[in-house]
Amino acid sequence: MRRIISILMENEPGALSRVVGLFSQRGYNIETLTVAPTEDSTLSRLTLTTIGDDRTIERITKHLNKLIEVVKLVDLTEGAHIERELMLIKVKATGAQRAEVKRTVDIFRGQIVDVTSSVYTVQLAGASDKLDAFIGAIGETQVLEVVRSGVSGIARGEKVLSI
Amino acid sequence: MEKLSGAEMVVRSLQEEGVEYLFGYPGGAVLHIYDAIFQQDKVKHILVRHEQAATHAADGYARATGKPGVVLVTSGPGATNAVTGIATAYMDSIPMIVISGQVRSDWIGDDAFQETDMVGICRPIVKHSFMVRDPAQIPEMMRKAFYLATTGRPGPVLIDIPKDKTAPHVKVPFEYPKKVKMRSYTPVTRGHAGQIRKALEELLKAKRPVIYAGGGVISGEASDLLTRLVRKLGYPVTNTLMGLGCYPATDKQFVGMLGMHGTYEANMAMHNADLIMAVGARFDDRATNDAGKYCPGATIVHIDVDPATISKNVRADVPIVGPVQQVLDDMLNMLDEHGGQPDQKALARWWEEIDGWRQVHGLRYETNDDGPMKPQQVVQALYKATNGDAYVTSDVGQHQMFAAQFYHFDKPRRWINSGGLGTMGFGLPAAMGVQFAFPDATVACVTGEGSIQMNIQELSTCLQYGLPVKIININNQALGMVRQWQDMQYGGRHSQSYMDSLPDFVKLAEAYGHVGIRVDKFEDLAPAMEKAFSLKDRLVFMDIYVDPSEHVYPMQIADGAMRDMWLSKTERT
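Protein chains in written order, with our numbering: chain S, 1 to 163; chain A, 1001 to 1573.
Next comes chain S alone, as it looks inside the complex (with noise of 0.2 Å):
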């Protein structure tokens, strides 16, 4: 099952590297990785995806657990919460095909934040699957770049990660 991890850890040099390495040397996979400092400087704010049946899903925590920088974590999966994927698509734009990719930028609710002759670049934001879903419906011969910032995401309602 897939899962979304959300790490606190301490803003360090090398804290990141734990992680990653945490994944490599155990065997887990990560599928999405995305991190940036929080409103507290000090500390960051890691968001990763990964596959797993329960038990690896179990490891997996404990061990990050045990990371000396890893300040708190949750699994988002586990409860409501909202998750969001940025992505930036150079598209092929020419003739007809204009309109159409306009039309499918539309129906996404995306926008074309780059124009030329023949290429249009859209910035989508969304779950996965919807990210997954544009990609489908522009037909993977007209995509010309793709660049994803891997899952973010936020409990839902009053939940707070944080110290």
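Hint data in this document are derived by calculation from the structure and do not stem from the laboratory.
Incorrect hints may appear among the rest.
[Unchecked claim] No more than 25 Å apart at the CA atoms, straight line, and that leaves these computed lysine to any residue pairs for SDA-like:
no., chain 1, residue 1, chain 2, residue 2
1, S, 66, A, 1087
2, S, 72, A, 1151
3, S, 62, A, 1181
4, S, 66, A, 1066
Starting from the known structure of chain S, fit chain A onto it as the hints suggest.
Just chain A now, kept in the frame of chain S:
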């Protein structure tokens, strides 16, 4: 406030931590620190002959005393040579501080002379690591390193210090922090009372219980409590390789070591148990055989300070995360309050069954009056010569298993071996560390002609510091454990497992300034041992030739259950 250089702060921090011995080897990146060491005499520096030995010596010191071992090495090869010793300590949860020099900070990343990314190399084999970015950080980092290494599940901590951060002319205010607080590190200090109660209820309900105790009982200083609990309940107790000594091996409730080369009765009791209480043990693959076939009828209680260990290899029915000492103490108190008694009838039947299993194998081996000596006889002679009261370090292989089976440890911290990583070359330097900690104690290193050659240069260190270690070299002219597997699984094809062109160990010992004794015949064994141990202030290297074809039994059958064992070359369960 007093102002010190980075180098002086390193040494002062060690003094503040009460460090007696620093095991190390100098080099360019740590010269400032060595100069600061020269100008004081509180912390004694021990000069080894190879950095791996520095880590093993510090490790042996830590295992024997419970205090952290401290190591100082230079950058590059000095640091990488220490890696095996750091990994050894990590696998066995040994508290250790390793200070490594680093090239000056403005050269980091330039592939400078003797530059290695030590923090990167060590990431998977340390509990934590630091790199000093400012000399002012040194006192706090040192304090944190000692705190991390010795609390929770202990382990090695690395501090990498670029040379310019120890420069003698850069002085900064020094104050050693009394306490350290880390918001991201709070080791568990109490096990959950409800869980402990639940475990106790399971214990009292059990009809076929086994207490399975590991190295965590020793590092958690809980041997006395475990012994009290086990005696109070009257239950059988088994130890892992790392746990030997945490319960008196000569006691009738002790059923021996379990696992790959465990006793028949320990493995049978485990397989047939209806309750297993694991205390400070981690269900290592050498202790469980196939985890899928593991002890099918048993409810499993697991006490460990490390939550990541619980349900890692075998799922626990009653998990208790907490320090073994506190959990066992609470359990004993609850048992007193509870007033409950084990089912004595069922227990009597269970002991009857176990005593039956004790008759089956009993660590028997065949001796031959005319043939070569058996390695088991050597360990038995050692046990006799030392009245079972020595500190015994070992290397890795058959001799290690024979020592574990035939030297009966009645006290914790007496059996010192590399259980997790299985590091050949561990024994001699570890024995040095033990002898430094206890200068008057009898320290024996049980080794083989393969392992001893992996750190034999330390004979020179032993002479320099007058360490009267007794080396028991069980010489079968082969890498015995490799050979055993080749006999059993590779049709007797002894690929690269022979030891040809062995040195004359007696001459070698003498060349290093020590005493060497060669023993070929069994009748010479006991007198030779007696002579060796009577030389109280000399290192004696006993080179004892034994039967090269001997195997270690019992031996669990790969991918089987706990009860599946070879009992000799021809008999199996």
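For the pair supplied as a hint, residue 72/S and residue 1151/A, confirm whether the alpha-carbon distance does not exceed 25 Å.
19 Å, holds
Going straight from one Cα to the other, do residue 66/S and residue 1066/A come out at no more than 25 Å?
22 Å, holds
Within 25 Å, alpha carbon to alpha carbon, are residue 66/S and residue 1087/A?
17 Å, holds
Holds or violated: residue 62/S with residue 1181/A, Cα cutoff 25 Å?
21 Å, holds
Every hint, counting from the list given before, is met by this structure.
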